[in-house]
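Can you make the complete structure from the sequences, with help from the hints?
Okay, here's what each chain looks like letter by letter:
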Amino acid sequence: MSDAAILCVDDESVVLKALKEQLQRLFGRRYIYEMAQSAEEAWMVIDELEEEEIKILIIVSDWLMPNVKGDEFLAQVYQRFPEVITVMLTGQADEAAIERARQEANLYACLHKPWTEEDLKRTINAALN
Amino acid sequence: MLKTMHFPMRIRLPQALTGLKPKVLTGSIVLVAAASAIASFAAISTLNQIAERSSQNRLLLTRVKEQVSRLNALEWEGISKGKIDEDLTEELEENQENTNEVLKQLDRLNQANGYSSLDSLFDLWKRYRAEVDHILLLVAKGNVQQAMQADTDKIDQIYDDLYLEISKLEGFYIAQTRKNRIMADIGIAFSLLTAVAAVAILFHEFSKRLWSKNQTLEVAFTELQQAQNQLIQQEKMAALGQLIAGVAHEISNPLGAIKASASNTHKALQEALVELPGLCQRLNPEEREGFFQLMAQALHTQPMAISPENRALKRKITAQLQAQGVEEARYMADLLMDMGMDENLESLRPLLQGKHSEWAIQLAYNLTCSFSNNQMILRAVDRSSKIVFALKSYARFDQSGQKRLMRISEGLENVIEIYHNQLKRNIQLVRDYQDVPEILGYPDELIQVWTNLVHNAIQAMEAGGTLTIKTDSQEDGVEVSIIDTGIGIPADVQQKMFNAFFTTKPAGEGSGLGLYISRKIIDKHQGRIQVESRPGHTQFKVWLPVDPEQDTKLLMHTPWAYSI
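Line by line, the protein sequences are chains A and B. Following my numbering from start to finish, the first sequence increments by one per residue and tops out at 129. Following my numbering from start to finish, the second sequence increments by one per residue and tops out at 1564.
Fair warning: there could be bad hints in the mix.
[Stated by the list, open to error] Simulated pairs of lysine-lysine, DSS-like, Cα-Cα distance not exceeding 30 Å: (1) K1154/B / K1081/B; (2) K1267/B / K121/A; (3) K1168/B / K1104/B; (4) K1267/B / K20/A; (5) K121/A / K1520/B; (6) K20/A / K1259/B; (7) K1496/B / K1470/B; (8) K20/A / K1355/B; (9) K1314/B / K121/A; (10) K1104/B / K1065/B; (11) K1316/B / K20/A; (12) K1424/B / K1403/B; (13) K1403/B / K1524/B; (14) K1083/B / K1126/B; (15) K1259/B / K1392/B; (16) K1314/B / K1267/B; (17) K1314/B / K20/A; (18) K1179/B / K1065/B; (19) K1355/B / K1470/B; (20) K1104/B / K1179/B; (21) K1314/B / K1355/B; (22) K1141/B / K1065/B; (23) K20/A / K55/A; (24) K1424/B / K1386/B; (25) K1168/B / K1065/B; (26) K1386/B / K20/A; (27) K55/A / K1316/B; (28) K1259/B / K1424/B; (29) K1314/B / K55/A; (30) K1541/B / K1403/B; (31) K1496/B / K1520/B; (32) K20/A / K1424/B; (33) K1259/B / K1386/B; (34) K1470/B / K1392/B; (35) K1154/B / K1141/B; (36) K1267/B / K55/A; (37) K1104/B / K1126/B.
None of these hints come from the bench; they were simulated from the model.
Right, dumping it as structure tokens:
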């Protein structure tokens, strides 16, 4: 049974639902897929996974979310888990935020909405291999 | 956007150069007028002096005439009496003295004038004096006889000549006085005419210059108006630009979901159709029953929400599956939950414990996920339609220029929809819509007002807060309040913020026209806008009449309204 997870954070549930199904279809049982609708919820998921001793490999986060924005959240994640690969998935190309995430969260890649399954697959494969 | 703006204003250098010419002209006119005024003044004053002297000469001559005739009378009195008594002597002396004095004055004046016209007068006077003095001397000596024999005719002749000469001179000086006075009058008239001409020329010149200045100002004013219109247009475009950025994000979310869902459905069906024939081969009737039960459940299920409770449920189902010996329990739990299953898995036990459980559940998931994906797509499409509708309402340009009956809340909702992504970051939105009547107005222009006020409110709440939008009925109108819990507006800014081009934003960010245009639009609706602000509470109140024409109509149709 898999003990590695991919966590997706986005305030839109339709996006999360689509992402999850894509990931399941692309990588099947290889990973555990967890979704969160905000940075706060993501921290809860991270804690739960930690308890279950499941390692988070990648976090894919939206940028524009209520309260804590994507770049800020990923920077916090990077501080606590420097080995986690951070990916941003955004509909609004805020160059300054992307640059901030690159510097403070060691951002691996930035995907733009609407994304393609191929983009997602390539990014995650490249990050994990 | 504002950085690329070009003001159609030019500095008018040629104007400055041509301005020199009229100045030179005016200067020369003033100089010529001044010179001619001085010359006229000198000439008139000389003429007046001459006239004055002529007049004095004339007066003196009149006195000479009187003196001479009186003297003559006295002398003849003495001569005829044959003796000169004391009184007469005194009188004669006094008169002679007076006459001499007058003649001296006359002579002085004459010399000053350089005239020689008095020569014959003095000559005659001398001759007269000589003759008369001679006789008087005889009388004084008592030689009356001899005196009587004197040639009185000759003396009379001289006296008459003298008198005539004086009268002649008198006439001459009268004529000269008059002539000089006329000349002076002509001079004055000429000076006046010159002055009038100078004033007229100067007036014309100044009017011309004023007219050309007016023209320049009018051109500058027109250019300014054009620049202002251009700025207003650019402000609209800038606001639209900001919105487009937000809307792009807003639409890219549902688009991403639609794209992913459609592709997921496609792949799921591809996988499922290949596996479908295996359904009868791999599953026994009991397992098949569980399979169809799972499918039926999935078709009636809404996608499960992402929540701590559901994550707990997932852990529970995972544990159950593990207890039943199902491999990949966590993955299976995920699929089962996506198909709407909860922890009551008893009926699925044969299927879950079967040899092909994972295959069967994956197939059921692939066959049913298109339903949930379609639901996602429909939801995303609804969301996009809402945004597009709001944008359409926002960008509609009403060319009719006619007021329309409208519901205030519709415009407000459009703006909220467009700012949805900015609001959701860290701002709580409170709608407090009372039942208000429809109003007659320009919907697209009012949307611009709401956009401006909402935009400002969001900017004032960088660190988050609450945006309250209220509608209420107020004295034959509707009042819209936009309240934020942001930093507030300082009093000095409140005074100026409705002025054109006033902005507190850094250069290039705000045009300073937002509130100015908002006020114009509200004025157009005969409404009013008020603001009250302190840190943590800023409220813009916009009052709009239900029907701006109503008052006028009422007065027009009911003349008694005033007479009661």
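Status of each hint after checking the structure:
no.	hint	verdict
1	K1154/B / K1081/B	20 Å, holds
2	K1267/B / K121/A	14 Å, holds
3	K1168/B / K1104/B	19 Å, holds
4	K1267/B / K20/A	14 Å, holds
5	K121/A / K1520/B	54 Å, violated
6	K20/A / K1259/B	14 Å, holds
7	K1496/B / K1470/B	25 Å, holds
8	K20/A / K1355/B	27 Å, holds
9	K1314/B / K121/A	26 Å, holds
10	K1104/B / K1065/B	14 Å, holds
11	K1316/B / K20/A	20 Å, holds
12	K1424/B / K1403/B	33 Å, violated
13	K1403/B / K1524/B	11 Å, holds
14	K1083/B / K1126/B	23 Å, holds
15	K1259/B / K1392/B	24 Å, holds
16	K1314/B / K1267/B	25 Å, holds
17	K1314/B / K20/A	15 Å, holds
18	K1179/B / K1065/B	23 Å, holds
19	K1355/B / K1470/B	63 Å, violated
20	K1104/B / K1179/B	26 Å, holds
21	K1314/B / K1355/B	23 Å, holds
22	K1141/B / K1065/B	29 Å, holds
23	K20/A / K55/A	18 Å, holds
24	K1424/B / K1386/B	16 Å, holds
25	K1168/B / K1065/B	11 Å, holds
26	K1386/B / K20/A	26 Å, holds
27	K55/A / K1316/B	20 Å, holds
28	K1259/B / K1424/B	24 Å, holds
29	K1314/B / K55/A	18 Å, holds
30	K1541/B / K1403/B	22 Å, holds
31	K1496/B / K1520/B	15 Å, holds
32	K20/A / K1424/B	23 Å, holds
33	K1259/B / K1386/B	18 Å, holds
34	K1470/B / K1392/B	24 Å, holds
35	K1154/B / K1141/B	22 Å, holds
36	K1267/B / K55/A	29 Å, holds
37	K1104/B / K1126/B	13 Å, holds
Comparing the model with each earlier hint shows violations of hints 5, 12 and 19; every other hint is respected.
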